[in-house]
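> Residue numbers (the working numbering), protein chains in the order written: chain L, 1 to 511; chain R, 1 to 81.
Below, in silico cross-link-like pairs of lysine-lysine (DSS-like), each with a Cα-Cα straight-line distance of 25 Å or less:
{"id": "1", "chain 1": "L", "residue 1": "286", "chain 2": "R", "residue 2": "20"}
{"id": "2", "chain 1": "L", "residue 1": "269", "chain 2": "R", "residue 2": "20"}
{"id": "3", "chain 1": "L", "residue 1": "270", "chain 2": "L", "residue 2": "253"}
{"id": "4", "chain 1": "L", "residue 1": "57", "chain 2": "L", "residue 2": "368"}
{"id": "5", "chain 1": "L", "residue 1": "499", "chain 2": "L", "residue 2": "467"}
{"id": "6", "chain 1": "L", "residue 1": "255", "chain 2": "L", "residue 2": "15"}
{"id": "7", "chain 1": "R", "residue 1": "5", "chain 2": "L", "residue 2": "247"}
{"id": "8", "chain 1": "R", "residue 1": "18", "chain 2": "L", "residue 2": "309"}
{"id": "9", "chain 1": "L", "residue 1": "270", "chain 2": "R", "residue 2": "20"}
{"id": "10", "chain 1": "R", "residue 1": "18", "chain 2": "L", "residue 2": "286"}
{"id": "11", "chain 1": "L", "residue 1": "57", "chain 2": "L", "residue 2": "3"}
{"id": "12", "chain 1": "R", "residue 1": "5", "chain 2": "L", "residue 2": "269"}
{"id": "13", "chain 1": "L", "residue 1": "269", "chain 2": "R", "residue 2": "18"}
{"id": "14", "chain 1": "L", "residue 1": "114", "chain 2": "L", "residue 2": "479"}
{"id": "15", "chain 1": "L", "residue 1": "467", "chain 2": "L", "residue 2": "426"}
{"id": "16", "chain 1": "L", "residue 1": "80", "chain 2": "L", "residue 2": "129"}
To be clear, the hints were calculated from the coordinates, so they are not data collected in a lab.
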Amino acid sequence: MGKLIRDILEESEKKYAETAAVRWLQKKEICERSYDGVMKNAASVRKGLLAEGFSGKHIALIGTSSVEWIECYLGIITGKAVAVPLDAGLPAEDLTDLINRADCEGLFLSPRNKALLSAVGESCPRLKKVWLLQEEEPETADGRTASCTELKAASVRAGLTDERPGSEDVATIIFTSGTTGKSKGVMLTQNNLASNVEAVDYTTEPGSTVLSVLPIHHAFCLVMDWLKGFSLGVTVCINDSFLHMVKNMSVFKPKVMLMVPLMVEMIYKKLAGADPAIPGPVLARKVFGGNLRIIFTGGAHLDPFYIEKFAKLGVAVYEGYGMSECSPVISSNTEEEHRAGSVGRPLSNVELAFEDGEILVKGSSVMKGYYRMPQETAETLKDGWLHTGDKGYLDEDGFLFINGRVKNLIILSNGENISPEEIENKLALNALVGEVIVTGENNGLTARIYPDQDVIAGKGLNEEAVKAALQEFLDQYNKNQPTYRQITGLIVRKNPFIKSSTGKIRRQEAE
Amino acid sequence: MIMTKEMQFKMIAAQYCKVKPEEMENSMRFREDLGFSSLDFMAFLGELEDTFDVELEEEDALQVLTVGEALELMERLQQEA
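The shape of chain L in the complex, shown without the other chains (with noise of 0.2 Å):
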């Protein structure tokens, strides 16, 4: 019999009722909410979301890290509803898309996003609900539309019985990017979650400060910063903006942060490009806030150099590995046992094994399947071993190391996973884009197209202006999408691409 994350919570809540769960910054003001308050506001979302018919159905979230958003999912995750969270710097069309290719019928919605009221309105016509997250009384009088005050009003409606999932229940749909060019929405459990929470090996005592600063609709942000904190009684601090994130590392002092590697680069350059006279633990502790002990990195392979550069500042950074499809840690280094190089041991619930060195992997965290996508699913999940598409191998003493990607998949050291055909498949609709493959260099996309020699020959351009054409399609393609989509090369062929004898484009030939 598997455990639901109502268990973990409810253990949380009676245990450490009086700390802060969250805290956060409202103008300048630190303002904070104890495990009882966000547990009983969680509660009556669940319960408004079952008065309101919502039981068992599909709803999306769409917004940055806030108190409300994690409320709102806890409400929905401790109920029988699955949770659906989407990345709000995607374009609007996208988003639409994800909504109806996840059939969701209700949207907690952050009122920064509300331009997208009126696109849900046309495009989503499954959709029977939108909450606005932090709002109390909505501006837009659609019918549709009401406060996440309302919803939880609703949850005292007499002749409700409290409902409970079960643990093969799925809990939260993930979508990631696919290398088919659509993204696939990844089904977890509440097993799934919860032995995930339960397996990873770190420990510290409640009321320890995290700062989260990666986005919440990532796994390994939901589930290790939130979820895994939540059951240890950690306070989580957000982190409001990249902008302010060494900033912000002072104002909450946090002790334990989990990172991606281009971060981890970043604070890097800022301690190497101080002045040289400070000494290393002033340096560490203006740059570090004071407290900090451990930094946790996965997303993308980090250059051990960091982890001895850091060690000497008395902040040991451990190296993880794992996908939103094994929810998410697979392995990660520890306290205990660590191997700079290596992502760690599996976890305890974690077997693996190796296919022409390709990483498979088996256990209680694995994903139920891609949401309507039987046929995806089947490639990837083969008599429950999870074909990771990683390449890697177990030292002798059990460390996995990872030495390559069996997919197209590009992975940028901020952990964005970007399927570049689902690019390319957008630029190739400017007529001047004859063939294009999108690459990743440098930590940003590079797009290398050999435009339609006809468009050319029509327009009568020469090679400067087709290039000055072709910029400034990026430029414009650029404004739509989140800074991790952007196109920041450009390179214009003289020639086509290599092609295979099925005419597709040998993208390993294409740099």
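Starting from the known structure of chain L, arrange chain R on it as the hints suggest.
Frame of chain L; chain R shown alone:
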């Protein structure tokens, strides 16, 4: 010596890249010419907020591509403040 705002700005930018403040031209692009990662750029803007006492909106900030454009934005925000 009184440091100009522009020099102060370029000294902060220089912490994130290998280009010296005096060699930094206004037409240079943060990503392509100075080698900033997206996160370097955000952290840099955060420092500018503190140094010049202005508040930036992430959306405005993301429209900025060159050193000159960032300087203009800071100038405008300081005047509005």
